[in-house]
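Asker: Listed here are the chains, written in short residue letters.
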Amino acid sequence: MKKILVYQDDTVKEIYSQSGENLLEVLRKQGYLIAADCGGAGICQKCQVKYHGKNILSCQTTVENDMAIELLSHEGKGLEFGLDNNIEIEVQSGYGIALDLGTTTIAAYLLDLETGNEVNRYSTINLQASYGADVISRIKKCQEGYLNDLHQIIIKEINYIITHFKNNNNIDNIERLLVSGNTIMLHILVNVDPTPLGIAPFTVPFLEKKVFLGNDLGLNVSEVTLLPSISAYIGSDIVSGMLSCKMYEDQENILFVDIGTNGEIILKVNDKYYGTSTAAGPAFEGARIEFGMGGVSGAISQVSLNNDALELRTINNKAPIGICGSALVDIVALLLETKIIDETGLFQKSDHPLCKRLQDDKFYLTERIYISQKDIREFQLAKSAIISGMETLLDYAQISIKQINKLYIAGGFGFYIDKYKAGSVGLLPKEVLDKIIIAGNSSGIGAKMSLLNNKYLEICERLHTNVEVIELSNNQVFTNYFIENMFLK
Amino acid sequence: MILESISLSLQKGKAQDVKTFVKEALDNKITPKEILDNGLIQGMNIIGEKFKNNEVFVPEVLIAARAMNAGLEILRPVLLSEGVKPIGKALICTVKGDLHDIGKNLVKIMLEGKGIECIDLGVDVAEDIIIKAVQEHNPDILCLSALLTTTMNYQRVIIEALKKTNLRNSVKVMVGGAPVTEKYAKEIGADGYSPDAASAANLAVQLITEGV
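Line by line, the protein sequences give chains W and R. When the count follows our numbering, it moves up by one through the first sequence with no breaks and lands on 489 for the last residue. When the count follows our numbering, it moves up by one through the second sequence with no breaks and lands on 701 for the last residue.
Treat the hints with caution; some may be incorrect.
[Stated by the list, open to error] Using 27 angstroms as the maximum straight-line C-alpha spacing, the simulated DSS-like pairs for lysine-lysine come out as follows:
| # | chain 1 | residue 1 | chain 2 | residue 2 |
| --- | --- | --- | --- | --- |
| 1 | R | Lys508 | W | Lys362 |
| 2 | R | Lys672 | W | Lys374 |
| 3 | W | Lys210 | W | Lys166 |
| 4 | W | Lys349 | W | Lys489 |
| 5 | R | Lys672 | W | Lys54 |
Bear in mind the hints are in silico, worked out from the structure with no lab data behind them. Nothing here was measured: the structure is a model prediction, and the numbers come from that model.
Work the whole structure out from these sequences, hints included.
Answerer: Below, the structure is given as structure tokens:
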């Protein structure tokens, strides 16, 4: 047995492992949340811990001797926000939880089922994250036999949330739990192997709405409902989003985009629905960007120019520790505006005073935090995927962007994004910037609606089979747009 | 110098200029092999290096490739008649279960940019198709692309299939794709791994010349 001293902030804990065990595995088993976006392949550099004053990759380290390590700290709280709209309530007794089960963040809303009022809300990081940041890595882990581990993690986490709500609000029982999430998250939640979703032709074990007794899943509620999904990569969170903006009763031409881990897009034209998934997410959630991170405390969320000086805003106004998706858009827009990068995305010498922050192909936001040429390339790939996904759907439906009446932006990203900057770098279509509506946590809102009234649940059931799914990989139309849209314009 | 002009216009993606300069070079009695090596391939090499360093990006590589193909259109019949052969032959595909092709297409461009003949088997390619193709075309290199962690295991499956059919020693296997690493490549017994299309082309040339 080897002893490992784990220093974290002001605390130190003694843990043990067998000789020869993988350090990341050991830490995970002990409940430490260590980011491993690439799933432990040694690529993303996010699993670093300090050992003898040097940063080492825990996923590539084997425990051979007693050791002392220091964890680099990241606060794990997700963000709480959302828009409310007028909904009809079907009176029920007791309490229910509407749960938005995200790949990265979980948002839970405790509702009084009689009045429809939100009593409490809570959000936190999905602890499955230490098995990989994105859905593909989680599917991979299931392929490798970790389905039950991932399942247990989320059941435990949800039960923790249930207990938290009971304690915080002095209630004894919570009757219902309704879950909205992407297809992979739902499969793991009910311990069904999502492996077939990771390989073409991406067959899905289930897409329909599911209802379980809480006991059957090991959850401390009476009944659990899972919203229905559209396809392997367009999940119930998107159906929930479509519900939340009442797309089903809107006659106009609508685009709905969730700029998150999977970059899902829905187009509604003449009562027909089209959908696709662009998998552009990783850059916008931090993975593959050197100083990239999700929307956590200390993440730089906005960057602007004030009289030639750089102004940074961080989440919760904490000291900056990294860059999140919305700031990435701001930075690229700013670099383009000040001509520090050209339209092809290449760094260049510019007359602008800010150019002095450009050293060695790195643009420094603070003394330590920078954006590199490689980061800009990752951004170009991600933003091109999103806009090209939109253009492919429009092309397929034979409608021009100018005919779109509403563009909903869902996901946490939408809350901080500057739409004009997004337009200037070509992430969002310039023609409809003034038609943008920030949908907030549309998945959570739709989950609340479905929990409070069965008629909304029924609408979800009608919607989920009604969307024509367009596959983008190996699609020549998409590929052509994808190449063209890599330019920043 | 005319070969320099061919290289520069190729790098800028100016297909028409490349065609004009190639014709001019032929008229000036420069050998087609020299035009290929010191004009076209030279230009693609520079693009390849710049792509590796993120100085140019995917669109620039694609338009340079388009320009190269425009030049090759003129050059090919002459190369054929003079018996100039490609330096080697490669088979490339994206493995079964995976539909991604952009990366594979970039690698193909860079291999052709080195004078390697490239046969593209497409995406979602199963082991029996690959085995048949190896038997039919007898390539120097087999390039396997996998873009998802969930499909990369098929690269291992192919290598095993080559062993079973006694073809393993007849071809060098290169693997690549976003989740693939050097370590993984060694683990599954591949002959080479490269992190990007330009490095892949350099490695392919190396493996071909080693194998001679």
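Asker: So if I understand the rule, the pair passes when the alpha-carbon distance is 27 angstroms or less; does W/Lys210 with W/Lys166 pass?
Answerer: 25 angstroms, holds
Asker: Does the alpha-carbon distance linking R/Lys672 and W/Lys54 stay inside the 27 angstroms limit?
Answerer: Cα-Cα ~23 angstroms, so holds.
Asker: Given the hinted pair W/Lys349 and W/Lys489, is their Cα-Cα distance within 27 angstroms?
Answerer: 19 angstroms, holds
Asker: Verify the proposed pairing of R/Lys508 with W/Lys362, using a straight-line Cα cut of 27 angstroms.
Answerer: Given that 27 angstroms is the threshold and the Cα spacing comes to 38 angstroms, the pair is violated.
Asker: Hint check: R/Lys672 vs W/Lys374, CA-CA at most 27 angstroms. Holds or violated?
Answerer: Holds. R/Lys672 to W/Lys374 sits at ~23 angstroms (cutoff 27 angstroms).
The structure fails hint 1 only (numbered hints given earlier).
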